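Colleague: Each chain, letter by letter, is given below.
There are 2 protein chains.
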Amino acid sequence: MSTLFLRTLRDDPADAEVPSHKLLVRAGYVRRAAPGVYSWLPLGLRVLRAVENVVREEMNAIGAQEILLPALLPRDPYEQTGRWTEYGDALFRLKDRKGVDMLLGPTHEELFTQLVKGEYSSYKDMPVTLYQIQTKYRDEERPRAGILRGREFVMKDSYSFDLDDDGLKASYDAHREAYQKIFARLGVKYVIVAATSGAMGGSASEEFLAESEVGEDTFVRCVESGYAANVEAVVTPPVEPIPFDGLPQAKVHDTPDAPTIDSLVDWANDALEGTYSAADTLKNVLVKVRAPGADWELLGVGVPGDREVDFKRLEASLEPAEVELLTEDDFTANPFLVKGYIGPKGLQDNEVRYLVDPRVADGTAWITGADEPNKHVVGLVAGRDFTPDGTIEAAEVRDGDASPDGKGTLVSAKGIEIGHIFQLGRKYTDAFEVDVLGETGKPVRLTMGSYGVGVSRLVAVLAEQWHDDKGLRWPREVTPFDVHLVIANKDQAAVDGAGTLAADLDAAGLEVLLDDRKASPGVKFKDAELLGMPTVVVVGRGYANGVVELRDRFTGESTEVPVADAVSAIAAAVRS
Amino acid sequence: MSTLFLRTLRDDPADAEVPSHKLLVRAGYVRRAAPGVYSWLPLGLRVLRAVENVVREEMNAIGAQEILLPALLPRDPYEQTGRWTEYGDALFRLKDRKGVDMLLGPTHEELFTQLVKGEYSSYKDMPVTLYQIQTKYRDEERPRAGILRGREFVMKDSYSFDLDDDGLKASYDAHREAYQKIFARLGVKYVIVAATSGAMGGSASEEFLAESEVGEDTFVRCVESGYAANVEAVVTPPVEPIPFDGLPQAKVHDTPDAPTIDSLVDWANDALEGTYSAADTLKNVLVKVRAPGADWELLGVGVPGDREVDFKRLEASLEPAEVELLTEDDFTANPFLVKGYIGPKGLQDNEVRYLVDPRVADGTAWITGADEPNKHVVGLVAGRDFTPDGTIEAAEVRDGDASPDGKGTLVSAKGIEIGHIFQLGRKYTDAFEVDVLGETGKPVRLTMGSYGVGVSRLVAVLAEQWHDDKGLRWPREVTPFDVHLVIANKDQAAVDGAGTLAADLDAAGLEVLLDDRKASPGVKFKDAELLGMPTVVVVGRGYANGVVELRDRFTGESTEVPVADAVSAIAAAVRS
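As they're listed, the protein sequences go chains A and B.
For what it's worth, this note's numbering labels the leading residue of the first sequence as 1, then goes sequentially.
For what it's worth, this note's numbering labels the leading residue of the second sequence as 1, then goes sequentially.
Check before you lean on any hint, since a few could be wrong.
It does not matter which identical chain is used: a pair holds within one copy or between any two.
[To be verified] Under the rule of at most 20 Å between Cα atoms (straight-line distance), these lysine to aspartate or glutamate pairs were calculated in the EDC-like manner:
id	residue 1	residue 2
1	345	211
2	124	527
3	117	439
4	414	439
It is worth saying that the hints were derived from the structure and are not from the lab.
No experiment lies behind these values; they were computed from the predicted model shown.
When you get a sec, could you build the whole thing from the sequences and use the hints?
Modeller: Written out as structure tokens, the structure reads:
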């Protein structure tokens, strides 16, 4: 440590809000170079490499082959798949000296697909899975929390190519298991959640979320059954239809003072002498939607009045179409849309597509807008008085909602995305027409999976999940050094003894960080806690009596060990 | 090999000119993604990592500490040192989503300097050497020869920080030795040449050049003494001044038909009845020069008429000033410049700075321009009739020139730059005001060295230096696999035996590439030669008689080895 390029900081950096960011900077693991762009100092780089190695070993174990693609990429392949524009501002674009458009790769589906097309041509070559551990670039709108969400970051991305759906499923399952092993080895606490696919296209997809209060991803889980899902992926349990028999006719009422759901419920309880709640009202939200290559069109979304429309869930349900809220001009252009009083009838009379929450099942009766100012209709029955064009998952998910598996209720939690596995299907192989000669002699279009692990992000996640109020605490698989050996005794015999012990530990295959600085024991102990090696050995006062102290950074336990037994005792602790 | 992501190519790629490029593509080591941007396939990545590891080990051995800086960098530090503009079109510049200027790092002096300034503050912290093995970007005007000169490439760059010149010298020497070890371990044939510093600034500097006909760098060496230097760094041996006594007066002659050096020499031999050659004429070349922060000014460069001005040497001599040739407008604006007849007198009368080749020593007499059309002056004596403002190394260096060490003559050769070591001095520490508290309590400005190894380029260099007409041949330190084991016998016993042998070699710590493909022995042998593992083992016809064949890819020698002794014989060959 007397020569290590390291200065610990007493104070939290001004721009840091989350514990991992504060501690990784204070402990000298990383330094900021630009917003969302970080340098890795010696200790940080050791953790990063350790994470990489665990990921590499588990990828190799499933037969994935490591390659390395460039970060500086040509525009053309991304143009062919539409992602040159789809990525919007998140893509770093640049021009070379000849004015040719290039980009910094945010993910490499295009290049891997082209590569496989270039090399392989027969069913005999299949399946193949390729991966890289590589630096990626995304111009995040809000880079945050240090290396937790950076603009330059290290990812492991892999891509599987298979002849058919069964093959894709097998490649997907192999990655799923490899990821479980990776995160278990690293010591990450995580959940696997059903996910939508975001901008990646494709169908089946799951996210690995590290549980963390500072996470940006909200997910829900069912404690009873273990079900977990990204909020965007939660499916409302089906609602049984109700027979229409005996349901009263719908009736339009004047509702002069009920422009909001609350006031409408008050009006209903008063005027209809019933016991109504917001859940009895049907709220119709208008948006406009544009499918790829099509024009904007109106869409009505009906949800029970006690729930908001969750725009992210709405977007995920409509993907790959774009969604926007209506402008005043849109309302002017469509005078049948009476703000605050939009009802299913007005939409259907004007041929506006109308999708409803699954709770708006056939036979359910609703209080809703009557398409005229200050008028609502009561007892409007789905399937009798209006027929939606289908259902949509757009209503917010709330704690206490029934789990889709019917085995309990959902509660929400925060997580950090650390892995993502996708069954992409043929989106990219179609774009690049990747066929191989099939066993029957006919061409077979390959089907593809794409799988990512946030390698540099995991360093922050581990810091986030394992730190305590004194500093970092590294799981053994990723610790920068196995042992932090503190010299806390100025006697030359103790100093020499510490040197010998360090050399013996090194010879025993352990990596030792030796604190040989001219600093007080107090300063050294504080730094050892901040830096977070799991095993701390102190050569202190006891050395004269033939003992060293062995501290466990996780449990805080301290034991005295005879110097003669120190190497074996320390090795045993490290390998426990 | 039946599952390895590899397809060898029969034909050379259309865009490849040099052998390493052709072979690395044909053997499936790399693939082009964009001009000067390459993907590393499994075998190529293994070589790249092997080179990285050798570099890493030798850097660690001299106490350098590994860190990792980003490639995406802010403009500001490069603005502070002037390199944002100095780099010209070679710098990849981009804007982020907020319109902030950024760049892709071509080299990291600025960031390392800022980092050390941020962490260290005392003489007790010094010296420190930091390095990284990292992906760099330069928008080369002519990316060429595959990974030999790419626009995205891997470099090891290190930076030393010292308190004084002696410290810098020690850091520089440590790097010099480390580089010698690196290149020796890798098996590169190289020379160390004295170099100028290019855009890096600073003083002492040497280049490590791999000897290669396809190299872009020309260097000269003295076979007798071993002296070697970049052409830009060659210093002309001093010429003794000659006494003026008895030298005839200079005289202006009409030379109507002598606009060129050749015609002037003809005229002189005829009109003066002497034996003159081009070396007796003095050619004055006019350029304009702009020092940083200053205006353009004229500069006259006088060289013996038998030599051209070497513009790269001229530029190197004048650095950091810029140099340009004169335009017609410049001649119009300076009517005293009579094209073809410019002489020292006209320049000096008009206060144009005038620098001469060292061969234009005091007392040497010249035939040169008389500053009037169709007139030359004969017998113009340096130091008597004109006094240059100094000497300059701008004349071309030619085979047969005297070596600067006086021990022989120079011959030129081609090389590829694989390493470069610089004593930068305080250029960057001045720019960022990097002081530490000195031992006396006063601030000390740090002095700096910068050192680079072209890691990905070395893969091409090794391919270039070691290939033969059959394919690649890898030195043992970098070979993708220790052993290429070819199954060239369809009998199940032989196939099983090869599998067992591969497993045994693996258990003995050797990395084995097993050719288990359904292909003919001929195809497999050709691929083995193309791929270039140093040791090839063939399980072929002899297997029934209890022998396998051991081939040395370098010597071409083949020996039969009993199956029972195969592991130890192969291990011995690999470790020889």
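Colleague: Please sort residue 124 with residue 527 into within, between, both or neither, judging by C-alpha distance up to 20 Å.
Modeller: Between copies, since 19 Å is at most 20 Å while 57 Å is not.
Colleague: First find the shortest C-alpha distance between residue 345 and residue 211 inside one copy, then the shortest across copies, and answer within, between, both or neither for a cut-off of 20 Å.
Modeller: Neither. Shortest intra-copy (45 Å) and inter-copy (83 Å) distances fail the 20 Å Cα cut-off.
Colleague: Regarding residue 414 and residue 439, is the shortest C-alpha distance of 20 Å or less found within a copy, between copies, in both, or in neither?
Modeller: neither (47 Å within a copy, 52 Å between copies)
Colleague: Evaluate residue 117 and residue 439 at a C-alpha cut-off of 20 Å and name the case that applies: within, between, both or neither.
Modeller: Classified as within; 17 Å inside a copy, 64 Å across copies.
In this structure, the earlier hints numbered 1 and 4 are contradicted, and the remaining ones agree with it.
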